[in-house]
Amino acid sequence: MLVEHIGETIKNRRKELNITQPHLAELAQISTNTLYKLENGQGNPSLHILNKIAEVLGMELKIEVKKN
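Under my numbering, the first residue of the sequence shown carries the number 1, and numbering increases by one thereafter.
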C-alpha cells in the first residue's frame, strides 16, 4: 500500500540521519503522533504534511505518469 511505503521510506531516511521521531516532528512542525502513525502506515497524511517532512529530510515529492 502507498501509505505504508511512504512511511517506511520516511522512517529509513530519518534513521539514516540519526533523527528521533520527536525531533523530526518538531523540525517539521507536526505532532509526534502524526509522524508515528505515518511511519507505521496509518492515517491519511496531506501533501502539505508530507512535503514538510520531506523538506526536513532533504527529500522531495514527485508525481509521475505510470510506465506500462
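Worth double-checking, as some hints may not be accurate.
Said to hold, decoys possible - Calculated cross-link-like contacts (lysine-lysine; reagent style DSS-like; alpha-carbon spacing at most 27 angstroms):
no., residue 1, residue 2
1, K62, K15
2, K37, K67
3, K67, K15
4, K66, K11
5, K11, K37
6, K52, K15
7, K15, K37
8, K66, K52
9, K62, K37
To be verified - Each pair of labels, with its calculated beta carbon distance range:
no., residue 1, residue 2, range
10, H23, N51, 29 to 39 angstroms
11, K66, E26, 15 to 25 angstroms
12, V65, P22, 15 to 25 angstroms
Derived by calculation from the structure, the hints in this document are not laboratory data. In this text, a Cβ means the ideal position worked out from N, Cα and C, and glycines have one as well.
Hint by hint, here is what the structure shows:
1. K62 <-> K15: 22 angstroms, holds
2. K37 <-> K67: 30 angstroms, violated
3. K67 <-> K15: 31 angstroms, violated
4. K66 <-> K11: 25 angstroms, holds
5. K11 <-> K37: 11 angstroms, holds
6. K52 <-> K15: 17 angstroms, holds
7. K15 <-> K37: Holds, at roughly 16 angstroms.
8. K66 <-> K52: 25 angstroms, holds
9. K62 <-> K37: Judged against 27 angstroms, a Cα distance of about 22 angstroms means the pair holds.
10. H23 <-> N51: 29 to 39 angstroms: 18 angstroms, violated
11. K66 <-> E26: 15 to 25 angstroms: The hinted range 15 to 25 angstroms is violated for K66 and E26, with Cβ atoms some 36 angstroms apart.
12. V65 <-> P22: 15 to 25 angstroms: The hinted range 15 to 25 angstroms is violated for V65 and P22, with Cβ atoms some 37 angstroms apart.
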